[in-house]
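Protein chains in written order, with this note's numbering: chain Y, 88 to 371; chain S, 88 to 371; chain F, 88 to 371; chain V, 88 to 371; chain E, 88 to 371.
What the hints contain is simulated information worked out from the structure, not anything from laboratory work.
Quantities reported herein were computed from a predicted structural model and do not represent experimental measurements.
Copies of the same chain look alike in the list, so a pair counts if it fits in one copy or across any two.
Below, a list of computed lysine-lysine pairs in the BS3-like style, where the Cα atoms sit at most 25 Å apart:
1. LYS205 - LYS123
2. LYS371 - LYS123
3. LYS118 - LYS205
4. LYS371 - LYS205
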Amino acid sequence: PGAASRTPASVILSPPEIFAAMARAGGEKCKFPFYKLAYLSILAGAYIGFGFAIALLVAGGMNQAPSNPDKSQVNVGVYRLVVGFFSFPFSLALVLINGGEVWTSMPMYSMCALYEGKCSVLDVLRVNAISWCGNFAGAGMQCGLFIASGIFEGEDSRHVRFLVEEKVSAGFGRIFVKSILGMWLIGLAVWQGNAAQDLTGKAIGVLMPTSFFGALGLENSTANMFVYPMGTFYGANITAGQFVADGIVAVSLGNIVATMLMIATSYATIYGRIPMLVEDAAQK
Amino acid sequence: PGAASRTPASVILSPPEIFAAMARAGGEKCKFPFYKLAYLSILAGAYIGFGFAIALLVAGGMNQAPSNPDKSQVNVGVYRLVVGFFSFPFSLALVLINGGEVWTSMPMYSMCALYEGKCSVLDVLRVNAISWCGNFAGAGMQCGLFIASGIFEGEDSRHVRFLVEEKVSAGFGRIFVKSILGMWLIGLAVWQGNAAQDLTGKAIGVLMPTSFFGALGLENSTANMFVYPMGTFYGANITAGQFVADGIVAVSLGNIVATMLMIATSYATIYGRIPMLVEDAAQK
Amino acid sequence: PGAASRTPASVILSPPEIFAAMARAGGEKCKFPFYKLAYLSILAGAYIGFGFAIALLVAGGMNQAPSNPDKSQVNVGVYRLVVGFFSFPFSLALVLINGGEVWTSMPMYSMCALYEGKCSVLDVLRVNAISWCGNFAGAGMQCGLFIASGIFEGEDSRHVRFLVEEKVSAGFGRIFVKSILGMWLIGLAVWQGNAAQDLTGKAIGVLMPTSFFGALGLENSTANMFVYPMGTFYGANITAGQFVADGIVAVSLGNIVATMLMIATSYATIYGRIPMLVEDAAQK
Amino acid sequence: PGAASRTPASVILSPPEIFAAMARAGGEKCKFPFYKLAYLSILAGAYIGFGFAIALLVAGGMNQAPSNPDKSQVNVGVYRLVVGFFSFPFSLALVLINGGEVWTSMPMYSMCALYEGKCSVLDVLRVNAISWCGNFAGAGMQCGLFIASGIFEGEDSRHVRFLVEEKVSAGFGRIFVKSILGMWLIGLAVWQGNAAQDLTGKAIGVLMPTSFFGALGLENSTANMFVYPMGTFYGANITAGQFVADGIVAVSLGNIVATMLMIATSYATIYGRIPMLVEDAAQK
Amino acid sequence: PGAASRTPASVILSPPEIFAAMARAGGEKCKFPFYKLAYLSILAGAYIGFGFAIALLVAGGMNQAPSNPDKSQVNVGVYRLVVGFFSFPFSLALVLINGGEVWTSMPMYSMCALYEGKCSVLDVLRVNAISWCGNFAGAGMQCGLFIASGIFEGEDSRHVRFLVEEKVSAGFGRIFVKSILGMWLIGLAVWQGNAAQDLTGKAIGVLMPTSFFGALGLENSTANMFVYPMGTFYGANITAGQFVADGIVAVSLGNIVATMLMIATSYATIYGRIPMLVEDAAQK
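Only chain Y is shown next, with the shape it has when bound in the complex (with noise of 0.2 Å):
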């Protein structure tokens, strides 16, 4: 029995049925009763919680990393190598392949299926609002779980210190820029993961373009519900104002761009219904 004389099976979708499955997944998630949809989210904002604690705590407590204060062991290349591959990608992983609603991907998810017929604009905002929220619940939860367990207190807490500094002083624009870089990534690793039929498959899906996300050190809304309140926490040097323009507000718009426009409407264009939809407006 060779290779050659049996029809070859797959366990992958094509791009074409990716996006099929995405609108169809958002289609679902819009009919979810609010209970469901709010518990997966805040679920999703603990999983994510996860992730960011190891990239403070390994990558960060690393002799190499930029917040040594011993300057002759910094190598930011290698702080950056492992911040990309042992952080967010596993935490986005628990995501998908357990159960959860992380609010990066849901205005892709959601404009999918609106643009495929699946939903309306309400059910968007919908479950865009309650996923938003469920995630501050509960990267708000994990964050007070990882203070309460001390594991930060002492030298650990000056990477968190450093790293939300170091995130702020980019500024709105800057940060805008990089949420849209950032989360047209990650939305990517949601994509791929949905493409994968098997596990391995959706961990290799998600780890690839958010580790690229880790080391480039972009930014991502979900994280920010975490990271910003533990910073605060261990007396990082930010107003209040920078916790809610930069590491929230600039973000979240990033978020939408990048996830509704960058990849949602890409994909919905070359894939889907907005060709024809387009089509029938010019008619009229």
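Starting from the known structure of chain Y, fit chains S, F, V and E onto it as the hints suggest.
Just chains S, F, V and E, lined up with the frame of chain Y:
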């Protein structure tokens, strides 16, 4: 024969399917005869012991380990990275793939079964009691074998003492919180491991959250059943009260909260019968 | 149920099947409407830009990078290893899995289709022109986003300048040869990626030759469309003539030779209709 | 076609299925003609020799190896990590995938077959005797080839001597215990390798416990059949009595205990006929 | 739908199935027209050249490489590790997955076919002669491209000279033995690669023994057809006699012994017709 023309196959369970599989497996475990459950629990205790032995000998044997008296070589980030990847993940995979019952996941399995009406409260108590005791017996036996092997004699006993003393230094409250965080991750590892329907998928599914558990230095009940006796033998400076209260009681309570509440109750609410049961209760 | 008693399944195409799939896919691409092919090409340009940004920021940010003025820390072998594994492979996988048309592989797809009689010479020219322009637009847009993000400001701009100046220093002839070698590898990466029928297989198939491409410091047309504008912005000391001749023309010519000749013509001779066409021509 | 609407396929055996497959495979091995079993055992001895050669040349050739006279460079944790991952796992996978009979797992296979009534006690003795001798012949032949190749001449012979002298220094009793621990892990590696129904799964299944075996510096009978002759040739300071008693007898006894008792008897009690046989015996 | 209730699928061939597949593939190769076999062999020569170029540029470019004149930085264990993993494995996978005929495995394929009565002795000689010559042509062409690219000019030529001079310093006899060991591993890599029925499995199957081959610094005929011309061009101090006798003849003889005897004859005895043929011959 291109991918697009074939229906893709799947070798992973979806989130609702995982919950159903967990509840069914929990129900089956409740039907196990005593000797079978006890034997599987002893094996699991021994398998977990292997993982902790590796954590102590490999990561603990690195010049980068925090127990190294030459502080100029210590690099806790690198140490945490190695502890995370090369110790418990492979150990937990042994349990899942070959067969074994680790108590860490038993509250989760049995509560899912209870919520879905597949077992009684007495069953839940029975299987948890047996697996808890079996794990302790297996981990203790493994501890005896490692002591008899002499592997940890000399320089390598230093890290054993260091680790146990560092663990108890956190105190009951923080150990309880670290147990919740730790066993939430381990519980999700087992959850994911049951989602995958191939060996690599199970290994990766288990690896991802378990590596976080190790790298964050969190607490696990079965692992403590191995390392506390080891530490005591090699002269760690802890009291009998600390052994029992911090090493066993706090961690066991944390396990119950994490796997019964954080995982079983969450997913039984989202994918299981809890909303229906609540509605029924409300209608009475 | 043991392995021996079952007919094994296959999730990979055999070499002749890959060629047939490539020719069929090439034929389909020739039928794409303009907006679809252009959009897919813009996306691919942007995805490849992510990969180069990582090469510049992670490998280039290591103390081991050849651009480090402190030569005692430089270790080019280690730098090449990181460039190879953690930059373009993940980027090219994004294109293949999610959907995108990178010009690097378009001569190969379209020539396979042409040899197998699935499109005309005009189709070949059309799809190559559209994807070349689309890639430039996408890579340029991505370059703009990265510049706007400010990520490369300060110390991290040094490696950007270094890399572009080092690239042009090879001169037209050598750049042409490096493009043949480089795009032979990238072409084989896409070839292999189409062989696999699961996400992990596609990722590994793409990773293997693409990591060679990166580690050997070879040339890729789409990648240059990102890094030459970046280098110019951050002050690399190159002329407009070098930009066009070395960065674009030499590399585009090399791409055509590598993917049309080395790959498409080779496998069309081995597995396709070329021998039959030659025989037919000889009989006339 | 989304994942939820399809019945997932499985490419792994469940724990009870592994036991059944092991017993069936054990029964088949007992039916092998002499020449076949002997040949497979010689091959396995040679394959395991490759693994030990790597352990000696790669991990032993690192400046971090404990045999390095310059103690300031020694880092046993790092050395153990490399020994664990890059030596025996790949070697044992060669045996499992291509075909070979390593004595380490023969007591396990044959006892499972005996418990399930698929062979006689005489069969058990016969297959174990043949595979033990065949392994010794194959490992010895491989040892001869490596000596003839001259690879280990000069500096690289130092670690060969170091390792064999370190091994015997533990003494008979501890070597016996280290053999139990070591072959429990190797036995589980074979067990897991039989669970997986794809090459990657078999490789990962074997890798996980085998890397623990190597990193913990445990004992394996077939491996010793390669390294003790090597050590003797390159001048390790051990006596003939140590060679036989510590290198062969203690380790062979440990193997029998580990794989017959720890694994075969355990899983035959849990998933096999032992409880039924005990009940039958009790009723008489 | 739990795993236990389904019949597991298999995506790997069992040892007897691999042998049958090898014999069948060998028979098919003997039926290839000249142009097809020659073309596939030229491609394989070029693909293997890529692997050696990486070995020279990445591992050879590390400060840890033995060719580094600053001996305080040399770490041969680390150098061997990188040579093993990141050079030939990916290169051989290119051959296996995309299509190519490397002479290393041709004696093995053709002898399996001969033993199973699927080709004649003349066929064996023919396919081996064509693939040997084709490999030399392809490797030579690749060598020319790399020289033309200028990649190895300057500092990176040092390791090229070092490696070739180190290779010949072993002398004919030891090179012959190192060829047997080396091509036994490469042959097993191809054997395993044919067992797997998915891309990742083929990649891992090839990686495992091939990484041993590279790390042990063994000999391979096709690889030498690339590196000896390279070494000669960059001024390695070897004679024409050493080039022919040590670089080509000794290694080709070793290849024949390893793959015809160690592998093809072994598995034809165990799983094929050799015992039957011997019995038939004895009965006459």
